[in-house]
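Going line by line, the protein sequences match chains A and B.
Going by our numbering, the first residue of the first sequence is number 1, and it counts up by one from there.
Going by our numbering, the first residue of the second sequence is number 331, and it counts up by one from there.
Simulated from the structure, these hints should not be mistaken for laboratory data.
Relax, there's no trap hidden among the hints.
Dumping the calculated DSS-like pairs for lysine-lysine here, alpha-carbon to alpha-carbon at most 25 Å: (1) A/LYS129 - B/LYS811; (2) A/LYS283 - B/LYS461; (3) A/LYS113 - A/LYS94.
If you're wondering where the values come from, they're calculated on a predicted model, not measured in any experiment.
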Amino acid sequence: MSEIISKLKEANLLGRGGANFPVWQKWQAVISSRGDEKYVICNGAEGEPDVEKDGFILSNYPEELIEGILIAIKETAAKKAYIYLNHNYYEKHKDTLQKLSENFPIEIVAKGKGYIAGEETAICEYIEKGYAEPRQKPPFISDKGLWDKPTLLNNVESFYYVAKVSKGEYKGTRFISINGDTSNSGVFELPISSTIEDALKQTDNYPDFDFFVQVGGGAEGLIMLPSELNVPLSGCGAIKIFNRKTTDLLALMQYWADFLDRGNCDKCVPCREGMYRISEMMKSKNIDREKLFEIFDVLEKTSFCALGRGASGAFKSLIEKLNFFETYGK
Amino acid sequence: MENKKITIIIDGSKVECYEGQTILNAATENGIDIPSLCYHPDLKAKASCRLCIVEIEGRKGYHTSCSTIAEDGMIIKTSSDEISKLRKTNLELLFSQHQEKCNDCIKSIDCRLLKLAKDYNVNIERFSDRKNDFPKMDFGPSIFFDSSKCIDCKNCVEVCQKQNVGFLSVEEEGNFFQISTSKDPCRDCVYCGQCVVHCPTGALQEVDSIVEVEAAMADSSKVVLFQIAPAVRTSIGEEFGMGYGAIATEKIAAGIRKMGIENVFDVSAAADIVTMEEADELIERVSNNGTLPMFTSCCPAWVKYLEFYHPELIANLTSVRSPQVLFGGLTKTFWAKNNNIDPKDIFVVSIMPCTAKKYEIKRKENLVDGLNPVDAVLTTHELACLLKKHGVNLRDIEGEDLTPLYGDATGAGVIYGTSGGVTESALRTAVYKLTGKNPESIEFSPFRGLQESKEASVEINGLNLKVAVVNGLANAENLIKIIKDNPGAYHYIEVMACPGGCIGGGGQPLPTDSKIRKLRSEGLYKIDQGKPKRFAHESELVKEVYEKFLNDKENIHKVCHTKYSKREKENNF
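Extracted from the complex, chain A is given alone in its bound form:
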C-alpha cells in the first residue's frame, strides 16, 4: 500500500459527494484495476439546488483542489484528469483553474444539461458523447469508466481534503452549506462529528422560530424536525432552514418535483413518467395519495439510477413529518 493510500485510510477520509464511500478504497480499486490507460475525474457538478460548498472551495482553495487532483493523477498513473463543473462554476472558475493546471494533463469541462448529469456514469457518457445518461453498473467506473478505462471519480471537496491529508493538515472537518430562512447563510467548515444541531448553533443559524430543515440537498435531501437534529450530518453537506409557519409545503414539493422532472435524464419509466406525474399533481393541487405513493414505490424500487431511487425521499419525509395530508385534505 502506497504512502498516500495509507494516509487516506488512516484519516478515514470519506467521499464528500454524498455517498460517504472511503476515498482510499476507490483509489485502491483504480490502482489495482488492469488497464493501459486510466483517467481521473473531479466532479464539480454540485447538482442539488441550494448546495454551494464545492463552489466555495473552487472560489477559495483552487490551489489545494489542483494539488489533490495531481496526487490522484500520479497515484493512479492516469493519462489525464477532467474537472467537470456545472455551468455557473465553469463560467466563474475556468480561467483560474486553467491557469493553475496549464502545465498538467487537466481539462476543464462544462457539465451537460440536467441534474442527472452529475451522476458518475452519466459524467463519463457526457464527456464521451456529449449526452448524459447513466450506465448500467456493474461494470463500475473503477473498472470501466471513461472510454471503458479505469476511472477515479471524486468530488471537489474530496480532492481538496486529499491535499490536506497528504500534507498532514487534515483535522477531520467538512464543509457544510447552510441557507434558507436565515440571515447568516454561508458555507462553514466544521468537525465531522458535529451534529446538525451543533452545526446550526455554532454558525449562528439556529432559528428562534418553529422550523424544519432539509438535509443533504435542496431536492433529494430529507426533511428533519428540530427534535431529530442531535445526529451527525451524513451525505452531502447541506442544511436548508424553513420557517414552518410561512412555508407553503405544496409549493415546496412542487419546486422539488419540477426540478427533478426537468433534471432527470428520461431514460427509465418510473423516473421519466413518475416525476412528470408527481409534478403534474403538485401543479394541479390535486393530489391522489394512492397514486402518489405507488409512484414513490416504483421510483424507490425500480429506478435505473440512484437519482430516481432517491427521488421520493424528500416528499415522503415531508408528508409524514409535517402531516401534509392532514393540512391539505385529499
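Place chain B on chain A using the hints.
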C-alpha cells in the same frame, strides 16, 4: 469459444445456462417468461422499461434481468405480489405516454403492450395520455412514425445509428428528451425499416398500403395481380403460428386466391432475369475496364444510402433494376400484350419483406411507357393482416401452384432473400456464361450464413473475382472505406441493408432476432435444394422472355435497366 456452463435456479427450477448470459436470456431459452418491452436481442440492454425486474437471493432490492448477468448457483424469483404490483404501476405509467389507437394500429393484432396490460390487470387509463398532441410523420412513402405512441425505449435510435444512418435522434423538448428526427441536412432516412422491427409498440410502422390495395381489388376495371418476394415465403407463416422459417410459398398463392386474386407471380422468377443481366454486366465491366467494384442494387435502402451519403459511387451500382420493378415492367409490357390487357388496367401489388420497396416503386426513372411498374407494396406483415381480415388462415389451407411460368422460379431466384444469395445466383450463372458449363459445386459456401461480412475470391476460367458480401449499412460503410483506400480491392460487392438480408427486413413479422433470421434463411436454402432447376439461365421464364421479348436492346433497356442520381434530403420536419 463456448462459455462455461453454470446452473441457476429460477422460480424453484434448475436451469442451465452459460457464464456471461443475462438472467432474462437464460430464462427465455428455458421457456420461462419474464415480461419485457425495451429489450431486444439485437441491441444493447437498455434496462429502461423496468418490467423485467426479478429478486435475487442475497441481494437487496430488485434487479432488471435483461442487464444482470447470471452467476452459478444464483437463486432467482421472477414473480411475487410485490413484483406484480411494481410492474403494474410501471405499465400504467407506460400507458400514460402511449396513446392507444388500437383500432387502426397494424401492430394491435399481437400487441405486446396490450398483452401485458391483460396479464397485470392494468388500468390503461389510470393516468391521462401526456402525448395527445404529439406529431405524426411519414418518412417518405415507407415508414409512419406516430410519436404519441412512442414509449421512449430508444431502440429505434440505436438501430438507426447502428445502420450508420443516424436520422432518428434524441432531442430535448421542454422537460423531456424524446425521439425526434435529425435536422442535419446531411442525415436522411433510407427507409430500411429496422426501426419498425425493433419498436416494441406501433409508434413505428410501415405506411399503410392496405387501403389502396383493397380499393384496387374492389375495382372491377382493374386486373390486380400479386407478386411475392423471395423472403416472404419463409416468414409469413410466423403470423399464422406455423413456426419460424416454415415454407409457405404455395399457401400464400392459395390464400391470395381466396381473396379473389387469380394471378400470383413469383418475384424470384424475375430475380432469375436480374441474375442474367447482372452476370452480363459484371463480365462486361471486368473484361472492358468498367467501373469496379460493381455494387448490387436490389436493396432500395442501400441504393438510397449510396445516392444520399455517397453519390460519388453511383457509377458502381449495377444498372439492373431490382426484381420487383423489373417484373412489374415485364408484366405491363410482355405479359399484358400476350394476354390482351391494357397495361393501364393492370394493378401490380408486390408482397415484400421490406419498407424501402414502397419507396422504390415511386422512383420516376423506373417508369415503363409512362406507367409505374408496380402500383403498391404490401409488407409481409401487411399481407398477413389483409389475409386475416378476409378470414384466411394460411395454416389451415391447402397450397396451390403459383401462376405457371411467372410463378416458376429457380432455386437461384429464391435465395435472393438471404444475404449472399444474390451473389451465389450471379456466380452460378457467371460460371456458365464464361465456361459454357455449370459449376461443379452449386453451393458457394463462403457467402452463406448470416455473418455481417463475408468475402472470398472466386476463380472462373482464369479470372480471379474478388467478391464481398455484407448485410447492415455500417458494414457497407466499412467496405466503402476499404475501396477508397484500395479501389482494386473487390470486383463485386453485394449489399443488403438489413441484418441477414431480406429475411431480416423492415417489413417482416415480429419478433425478429438472429435465431429467427437463421431459420428463415435456412428455409430459403431448403427450397433451393428441392428445386429441379437451380440456375437462373435454366429458367423457363428466362428462356421465354429472352427469346420473345428481351431479344431487343430497347426492350432490355426499358424493362431491365435504370439510372441513379444524387439525392437531397427528403424528410424535413
